[in-house]
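Modelling step: build the complete structure from the supplied sequences, incorporating the hints.
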Amino acid sequence: MKKHFLFSVFAAVAICTGCTMTSCSSDDKEESTILSNHELDGTYVEFFESESATNSKYDALWLSEAAKCVGNEKAAESVQMLKGCMAGNIHGAEAVKIYGEGINNEFPNGYQFDCHFSNGIKKMVINGSNIKGLDSNGKTVFTHNYKYIGTDETMGFVKYQTTDDNNDEFKYFFFMPDTPEKTYHTEFRYGSDPSALLEFYKGNYGYWMCAGVREGNGTECENAIKLFVSENLGNNE
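Read in order, the letters of the sequence shown correspond to residues 1 to 237 in my numbering.
These are calculated hints, taken from the structure and not from any lab test.
There may be inaccurate statements among the hints.
Said to hold, decoys possible - Straight-line C-alpha distance at most 25 Å; calculated BS3-like pairs for lysine-lysine:
id : residue 1 : residue 2
1  : K139      : K123
2  : K97       : K74
3  : K139      : K182
4  : K122      : K171
5  : K123      : K147
6  : K226      : K57
7  : K83       : K226
8  : K57       : K68
9  : K132      : K74
10 : K226      : K132
11 : K122      : K83
12 : K171      : K147
13 : K123      : K97
14 : K202      : K182
15 : K226      : K68
16 : K57       : K83
17 : K202      : K97
18 : K123      : K57
19 : K57       : K182
20 : K202      : K226
21 : K83       : K182
22 : K74       : K202
23 : K83       : K97
24 : K182      : K132
25 : K182      : K123
26 : K122      : K132
27 : K202      : K68
28 : K139      : K57
29 : K123      : K226
30 : K132      : K97
31 : K68       : K122
32 : K171      : K123
33 : K83       : K171
34 : K122      : K139
35 : K171      : K139
36 : K123      : K83
37 : K147      : K97
Structure below.
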C-alpha cells in the first residue's frame, strides 16, 4: 500500500528530514485534479480529535488493530505512542524551538505533529474547486475558489492557489493525494507562503499537517483508524 505522510509518519521522518522539497513549475497544468473532479467533496472535521478518531467509542478498535501488528501485550503502549505523536498543539517556530529541525533524523526531545485545522477553523467544506472554512459556531471564516498550480515532485502535494487577490493564510492549499474513496481521509496544509508549506520540520508551518475525515461518516473514520495503525505498526514494505 502506498504510504502517506501522517499515515506513515515514522517512515516519513526518514524520507523527509533534511531533503530539499522541489516542485513543478507554477505554469504546470492538468485538465483534471482532485478538486475539479469532486474527489474531496464534503464537510471535514479534524481526524485526531475527540469527535473523531480519539473518541472513546473507538478505543477497542485502536487496540484490536494494534494487537494485529504488535501483539496484545504491546497494543496499549503502541496506541498511546501513535496518538501522542499526532496530539501536538503547537507548530511553526514554537515547535521547531522544542523539537529541532530533525537534522540527521534526530529528535532529542521527541516530537508531536499538530494535526488540527488552524486560524480558527473547525470545519472545512469542500465543493469542487471551492473551499470554505467554518469556526466553532458555524460562521464562515473564509471562502475561496482555487486553481491548480502544480504537483510537488518530492511529497506529491497537489497544489492550489486562490483565483482572487487575497493575501491571507488561506491563499494556498496543498493536498496530499489522499481522498476518502482511496484512504478514507485527507491530509493538507494551507497558508500564505508556498515555499514554507513544503518544509515539514522548520519554518512557519513546521510540525503541522491537517488530517480530516468527513463529518458524521463513522465507517470512513473506522477505516482511517485501521489504515493509520497498519501503516505505522504493520509491515507495508
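The hints, checked one at a time:
1. A threshold of 25 Å between alpha carbons decides the hint, and for K139 with K123 the separation of about 10 Å falls inside it, so the pair holds.
2. Note on K97 and K74: the hinted pairing is violated, with a Cα-Cα distance of about 32 Å set against a maximum of 25 Å.
3. Only pairs whose Cα atoms come within 25 Å are accepted, and K139 paired with K182 is rejected, the gap being roughly 30 Å.
4. A distance of roughly 18 Å separates the Cα atoms of K122 and K171; the hinted pair therefore holds under the 25 Å criterion.
5. Of the pairs offered as hints, the one joining K123 and K147 holds, with about 21 Å between alpha carbons and a cut-off of 25 Å not exceeded.
6. Straight-line distance between C-alpha atoms of K226 and K57 comes to about 14 Å, which keeps the hinted pair within the 25 Å bound.
7. Between K83 and K226 the CA atoms are separated by roughly 13 Å; this keeps the pair inside 25 Å, and the hint holds.
8. Of the pairs offered as hints, the one joining K57 and K68 holds, with about 19 Å between alpha carbons and a cut-off of 25 Å not exceeded.
9. As the CA atoms of K132 and K74 are separated by approximately 41 Å, the hinted pair breaks the 25 Å bound.
10. Annotation: proposed proximity of K226 to K132 is violated, straight-line Cα distance about 29 Å (limit 25 Å).
11. Only pairs whose Cα atoms come within 25 Å are accepted, and K122 paired with K83 is accepted, the gap being roughly 20 Å.
12. At most 25 Å may separate the alpha-carbon atoms for a hinted pair to count; K171 and K147 meet this at roughly 11 Å.
13. Restraint check: the Cα-Cα separation between K123 and K97 comes to about 29 Å, which exceeds 25 Å; the hinted pair is violated.
14. Proposed proximity of K202 and K182 is contradicted: the alpha carbons are some 30 Å apart, above 25 Å.
15. Restraint check for K226 and K68: the C-alpha separation of about 10 Å stays at or below 25 Å, so the hint holds.
16. With a C-alpha separation of about 15 Å, the suggested pair K57 and K83 falls inside the 25 Å cut-off, and the hint holds.
17. As the CA atoms of K202 and K97 are separated by approximately 9 Å, the hinted pair is consistent with the 25 Å bound.
18. In summary, the hint linking K123 to K57 is supported, as the alpha carbons are separated by about 21 Å, within the 25 Å threshold.
19. For the hint pairing K57 with K182, the CA-to-CA distance comes to about 24 Å; that is within 25 Å, so the pair holds.
20. Simply put, K202 and K226 have alpha-carbon atoms about 30 Å apart, too far for the 25 Å limit, and the pair is violated.
21. Restraint check: the Cα-Cα separation between K83 and K182 comes to about 22 Å, which is no more than 25 Å; the hinted pair holds.
22. This hinted pair does not check out: K74 and K202 have alpha carbons roughly 32 Å apart, beyond 25 Å.
23. With a C-alpha separation of about 22 Å, the suggested pair K83 and K97 falls inside the 25 Å cut-off, and the hint holds.
24. Restraint check for K182 and K132: satisfied, since their Cα atoms lie roughly 23 Å apart, inside the 25 Å limit.
25. Between K182 and K123 the CA atoms are separated by roughly 21 Å; this keeps the pair inside 25 Å, and the hint holds.
26. The suggested pairing of K122 with K132 holds, with an alpha-carbon distance near 11 Å, which does not exceed 25 Å.
27. With a CA separation close to 35 Å, the supplied pair K202 and K68 exceeds the 25 Å bound.
28. Only pairs whose Cα atoms come within 25 Å are accepted, and K139 paired with K57 is rejected, the gap being roughly 29 Å.
29. For the given pair, K123 sits about 23 Å from K226 by alpha-carbon distance, which is consistent with the 25 Å threshold.
30. Restraint check for K132 and K97: not satisfied, since their Cα atoms lie roughly 32 Å apart, outside the 25 Å limit.
31. Of the pairs offered as hints, the one joining K68 and K122 is violated, with about 33 Å between alpha carbons and a cut-off of 25 Å exceeded.
32. Between K171 and K123 the alpha-carbon distance is near 17 Å, which keeps this suggested pair within the 25 Å criterion.
33. Under the criterion of a C-alpha separation no larger than 25 Å, the hint pairing K83 with K171 is inconsistent with the structure, at around 30 Å.
34. Proposed proximity of K122 and K139 is supported: the alpha carbons are some 10 Å apart, at most 25 Å.
35. About 19 Å separates the Cα atoms of K171 and K139, which keeps this hinted pair within 25 Å; it holds.
36. Distance hint between K123 and K83 is fulfilled; the C-alpha atoms sit about 21 Å from each other, no more than 25 Å.
37. The hinted pair formed by K147 and K97 fails the criterion: a straight-line CA distance of about 34 Å is larger than 25 Å.
The structure is inconsistent with the numbered hints 2, 3, 9, 10, 13, 14, 20, 22, 27, 28, 30, 31, 33 and 37, although it conforms to all the rest.
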